[in-house]
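J.: Sequence:
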Amino acid sequence: MMQMKYVKPMKLYHELLKSNKLKGGRLLGLDVGDKYVGLAFSDVNNKIASPLSVLVRKKTNIDLMATDFQSLISELSLSGFIIGYPFDRQKNSRDAVQVKLFVDELSKTGKLEDLKYTFWDECFTSKNVEFLLKPLTLHPVQVKTIMDKFAAVGILQAYLDFANRNQGENQQNEIFQNENDSQSHD
Numbered sequence: 000m001m002q003m004k005y006v007k008p009m010k011l012y013h014e015l016l017k018s019n020k021l022k023g024g025r026l027l028g029l030d031v032g033d034k035y036v037g038l039a040f041s042d043v044n045n046k047i048a049s050p051l052s053v054l055v056r057k058k059t060n061i062d063l064m065a066t067d068f069q070s071l072i073s074e075l076s077l078s079g080f081i082i083g084y085p086f087d088r089q090k091n092s093r094d095a096v097q098v099k100l101f102v103d104e105l106s107k108t109g110k111l112e113d114l115k116y117t118f119w120d121e122c123f124t125s126k127n128v129e130f131l132l133k134p135l136t137l138h139p140v141q142v143k144t145i146m147d148k149f150a151a152v153g154i155l156q157a158y159l160d161f162a163n164r165n166q167g168e169n170q171q172n173e174i175f176q177n178e179n180d181s182q183s184h185d
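First residue of the sequence shown: 0, per numbering that gives the first Met the number 0; consecutive thereafter.
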């Protein structure tokens, strides 16, 4: 059975750029929590992340979640997942184990064959959203779902900013290198 495939962050972005020239593809950001998985998606140019929804997470519904992801992949032309991961803490923290377990269970369903994913630092994303929501008077359930959605936006946007900045630097270096090559032949 084929499973989801982990790739390094920039490799995922480079593959996305290659495939975008042919067929297009967006990214889905995931903020994996105990009760919910917050979702955000990128625009077609993979520059801007927007909130999408929140999936309720139960131990018994991983197959249903995989089916939901299949639908989203089709509807939004998704090419990969950017999954928030707590890099700032110990390697085997409860949150880190939870994220890895979620990805393993999702992969084992076999419904997301060959889907590429990478992990991205989720450090402070929930705290930033919490800070923004504090002045609002919302029901605790509303706060939690909004927080998870916008934490996913924070994760995905941080990844997109990094990848686009690095891509721009690589293009500048190639231009500079080509100019130097042509000048050395003169």
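Bear in mind the hints are in silico, worked out from the structure with no lab data behind them. Some clues are possibly wrong.
[Unchecked claim] In silico lysine-lysine, DSBU-like type, Cα no more than 30 Å apart, as pairs: (1) Lys57 <-> Lys107; (2) Lys115 <-> Lys34; (3) Lys57 <-> Lys17.
J.: Could you run down the list of hints and mark each one as holding or not?
T.: Hint-by-hint comparison with the structure:
Proximity of Lys57 to Lys107 is assessed by CA-CA distance (about 16 Å); at most 30 Å being required, the pair is judged to hold. Using a Cα cut-off of 30 Å, the hinted pair Lys115 and Lys34 holds, with the two alpha carbons roughly 24 Å apart. About 36 Å separates the Cα atoms of Lys57 and Lys17, which puts this hinted pair outside 30 Å; it is violated.
Violated hints amount to a single one, hint 3; each of the other numbered hints is respected by the structure.
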